[in-house]
Amino acid sequence: MTTTAAPLDVAALRADFPILSRTVRDGKPLVYLDSGATSQRPTQVLDAERRFLETSNAPVHRGAYQLAEEATDAYEYARARTGEFVGASPQELVFTKNATEGVNLVAYAMSNAATAGPEAERFVVGPGDEIVVTEMEHHANLVPWQQVCQRTGATLRWLGLTEDGRLDLSDLDEVVNERTKVVAFVHQSNVLGTVNPVEPIVRRARQVGALTVLDACQSVPHGPVDFRELGVDFAVFAPHKMLAPSGIGVLYGRRELLEAMPPFLTGGSMIELVTMERTTFAPPPQRFEAGSPMTSQAVGLGAAVDYLTSVGMDRVAAHEHLLLEAALPGLAGIPGVRILGPADTTDRGATVAFAIDGVHPHDAGQVLDSLGIAVRVGHHCAWPLHRACHVPASIRASFYLYNDLSEVDALVDGVREAQRFFGVA
Amino acid sequence: MTTTAAPLDVAALRADFPILSRTVRDGKPLVYLDSGATSQRPTQVLDAERRFLETSNAPVHRGAYQLAEEATDAYEYARARTGEFVGASPQELVFTKNATEGVNLVAYAMSNAATAGPEAERFVVGPGDEIVVTEMEHHANLVPWQQVCQRTGATLRWLGLTEDGRLDLSDLDEVVNERTKVVAFVHQSNVLGTVNPVEPIVRRARQVGALTVLDACQSVPHGPVDFRELGVDFAVFAPHKMLAPSGIGVLYGRRELLEAMPPFLTGGSMIELVTMERTTFAPPPQRFEAGSPMTSQAVGLGAAVDYLTSVGMDRVAAHEHLLLEAALPGLAGIPGVRILGPADTTDRGATVAFAIDGVHPHDAGQVLDSLGIAVRVGHHCAWPLHRACHVPASIRASFYLYNDLSEVDALVDGVREAQRFFGVA
Amino acid sequence: MNLESMYQEIILDHYKNPHGRGLREPFDAESFQVNPTCGDEVTLRVKLNDGKVADISYEGQGCSISQASTSVLTDLVVGHTVEEAFTTMDAFVELMQGRGQVEPDEDVLEDGVAFAGVAKYPARVKCALLGWMAFKDAVSSAGANGEAS
Amino acid sequence: MNLESMYQEIILDHYKNPHGRGLREPFDAESFQVNPTCGDEVTLRVKLNDGKVADISYEGQGCSISQASTSVLTDLVVGHTVEEAFTTMDAFVELMQGRGQVEPDEDVLEDGVAFAGVAKYPARVKCALLGWMAFKDAVSSAGANGEAS
Ligand SMILES: Cc1ncc(COP(=O)(O)O)c(C=O)c1O
Ligand SMILES: Cc1ncc(COP(=O)(O)O)c(C=O)c1O
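So the protein lines, in turn, are chains A, B, C and D.
In this note's numbering, each residue's number is its place in the first sequence (first place is 1) plus 118.
In this note's numbering, each residue's number is its place in the second sequence (first place is 1) plus 118.
In this note's numbering, each residue's number is its place in the third sequence (first place is 1) plus 1450.
In this note's numbering, each residue's number is its place in the fourth sequence (first place is 1) plus 1450.
So that you can see chain A by itself, here it is in the shape it has in the complex:
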């Protein structure tokens, strides 16, 4: 965590986000604390997408006329910029519709490998093989692996949690073993905020020859991330959580793996030769981008990367750490509030989930909403994690670069108001 970076001028930055100046529920200023679900978009991103659509919109990689050249350039520029942002070469980035599709792409490539010829053999999984996840996964990095197991007969195993909401690595060497084919794990938990240590997991996976899949949905938007440096085989992240449009996701795959991997979605633009009898496929990343792509969305992603880069990811991380250092004690200091996840701020992102004794999360969320505060309530697509924490659901506040300390205060006050309203304080 770099804390030496110059602090963000949040007020200036907020002016880039039109939605942040709106009011809700009879004139309450919007306090948007659900960026972990989806972020807001700055004018720069909206403008880039619109400019593209008003001047260069055309089919990508298919047309030979000027608009099509421009569109293709814009699309591939976005890929290249995004690659630089996360330490990947353009050929290693596949555009999907969301991060969820990215995980499914790898999962299906593995269950398709059985019938995809000798090149794909290293991806085959079956009875006796094991796939390892963790108990803190988002459903997006859990259910697709359950499904691979169901399709192929492989077995799902998982790493558990410690009492303080971190990954329990004490049995890493047992859970990840010679039978393990894949280790899929989250970089930063979307509920606990926990930042997981990538290095020991990657090291162990390599020892046993297992592939690693990193769910970087909650890390890439919030600080510097370099996939090559992390040494993972695959990673996914979600542009809509980092100021970019919805409708696009990113899958990173090490080049030699993508090259050997069988396709997932098939159709136009991903082929090499097609006859009625048989089809061969293009090299990656095209092989994995069937059909008309999310063109203007990629352009928007490029603009979001430019925006974040110009702010500086170190500074984003430092700013969010500042908010965390206020929010964590602020909430933990309220009697009857229980924080899910680490109580200290080391290796922890600015996402704080909590439960309030005697107030159901839905009801607490309603009180916060009435005050203009948008938080998420429920299990946040991490149901097993909540079960492991012995709560059915929680309230989650997730901060981003456009949030400020006054919003932390508003949250803390709002929680007290919820307690008051339901007569538990």
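A hint or two may mislead.
Unchecked claim - Going by beta-carbon spacing under 7 Å, a handful of chain D positions derived as facing chain B:
#1 L1453
#2 T1487
#3 C1488
#4 G1489
#5 T1493
#6 Q1511
#7 F1536
Worth flagging that the hints you see were computed from the coordinates, not collected in a lab.
Glycine included, C-beta positions come from ideal geometry on N, C-alpha and C.
Please build the complex by placing chains B, C and D with the ligands on the supplied structure of chain A, with the hints as guidance.
Chains B, C and D with the ligands alone, transformed into the frame defined by chain A:
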């Protein structure tokens, strides 16, 4: 084809499309004749998407605060409007990333059915079963079925073409038989313009208990289409070809089928109950919409449907027919030009693919591009069709509601210029 | 926003002192329902007798809205014929899906009219209907089970 | 746009009168390459001799650019060592991928300099490189085949 509708005021309508007033290649006015690949977007659609992002952007179906309510409403309104547009109830429409994903969704549901439990049994295919396509399919409605066959051991068969570029139904009863599980076919060919008769194919498929999948990518944008009336089981179409954003596709499925079908992509938002061991799934359409959806893109689709509805699909069809009636004889009248597809204008959309003796399509396209005319050259993702037509590639002009007769003339003149430039006229 | 318009006294009373809570024997059918977005759940049993709802018993976890509406449900349907219960249910569902545009009939819905404010919050409608969906499901299973009495 | 800047006389000449066209024996390796967007294809054979490119023969279908560049290829590499040929290829690839910003060296590329204009049209670069990719692939197979001579 309704020809009594009031003609379109194309000049007024073009003012809604900012890109159409740009110039290319040293000041040539843009003549955009590649709407078959992707259409341009009117200001109304761009504004609707932007307004949503500046006021109501939030996670859909996950949040309980005001923004999230608004976002969910906007997303579901778009589904309902789109349903009305194509004769479907909202629960019968699944938003995918493109039409290609829609076909893959059905194809994968079928190969997943084997391990998905008793409810899914009717979708199981395997050795001895047959899947029927046609020789005029876009790769999007061919390759996924080849892949199902590869995964399951089923056999792919197909209906061929007649000399004049229509579907050869003479052996329909033989090709579609008791072994047939699926008949997947295109409504309007993206190369030949041919509009296929849906009724006899659906009738035969029902006789033998096969499911029908209609590729409506080139029909829904260009005239009134009602899936319920057509009686197909599934259909896909591509919003970006009908004035809407890229990054979204639509799959239609009859309710009882979607209800029985196993999921495809898995992850957040499509679940019912999740434990580490096992997951159950939500009812359709949510079951098929894993992960964060293409929210603003759906809003844009709703606006495109509103736009097209206010123009009137009858009038769109009539206008395009007018263009076809000029383009077809105009091009066919040039010595050395050979039209692919029907020579007459009955049951034929305003897409005209052709070859020029002695001028390769790429070279012809380059000449047209130098004149500002954007056409597609190549096999247009229909390689087997081109093989059946005995040409390696073709030039394709595809018209839409914003094209006018002067653009037909420009095309015809441009083709002559290409012949002159390459010394074949 | 007026928080009190959603959380009427009646709702908070039912929440704090739910009627008929607890799982009881005998019963003809049981239904488990869950709200997939928040994990709220209810297990609900019905005992039918001679075409009438003889007893409803339930257990579950959830927000004030889901708990209170299940409590109100028991008041509204126990002792009534299945047909009457379904009429009441239809009225309640219509009210909840009415986006605040439907005028509730107090003669039919009694304490249920207190949920009119909830109908303005679409994300909470599922909460209010959770117990009712369980009731519907259980009754239909009980029917299928041949209404053992 | 200046059509003539792409379609230089030299290109049109090679297109109309391609050098070395036709498939010949003997050969050490053959490569089939296709441009997936337009279906253009080339089948190209190389015969190596003593580290030199002894012959190139080819057949295919394609646009003027792909046909002419394959014709120019034969002029540029036949009779040269594989190493020289690869140096020439690198220069040609650099020119084509240079977006019109690379100044071609006529000493190295000879007639190949005529393709400088094509480099401004990214969609056509693949056409210009089709034959060269086949050449590269065939030579590497010939190497793998142990350069039978
Ligand atoms: C007939 C037809 N089918 C399928 C597709 C694929 O649509 P998309 O690329 O949006 O997935 C297209 C267009 O590319 C098409 O014209
Ligand atoms: C940790 C994590 N993984 C995966 C996802 C899924 O991302 P998406 O919904 O964009 O597919 C999310 C967000 O929803 C997330 O927070």
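The hints, checked one at a time:
1. L1453: holds, 5 Å
2. T1487: Holds - the Cβ of T1487 of chain D comes within 7 Å of chain B, reaching about 5 Å at its closest.
3. C1488: Since the shortest Cβ distance to chain B is 4 Å, the answer is holds.
4. G1489: holds, 5 Å
5. T1493: With Cβ-Cβ at 14 Å, over 7 Å, it is violated.
6. Q1511: holds, 5 Å
7. F1536: violated, 27 Å
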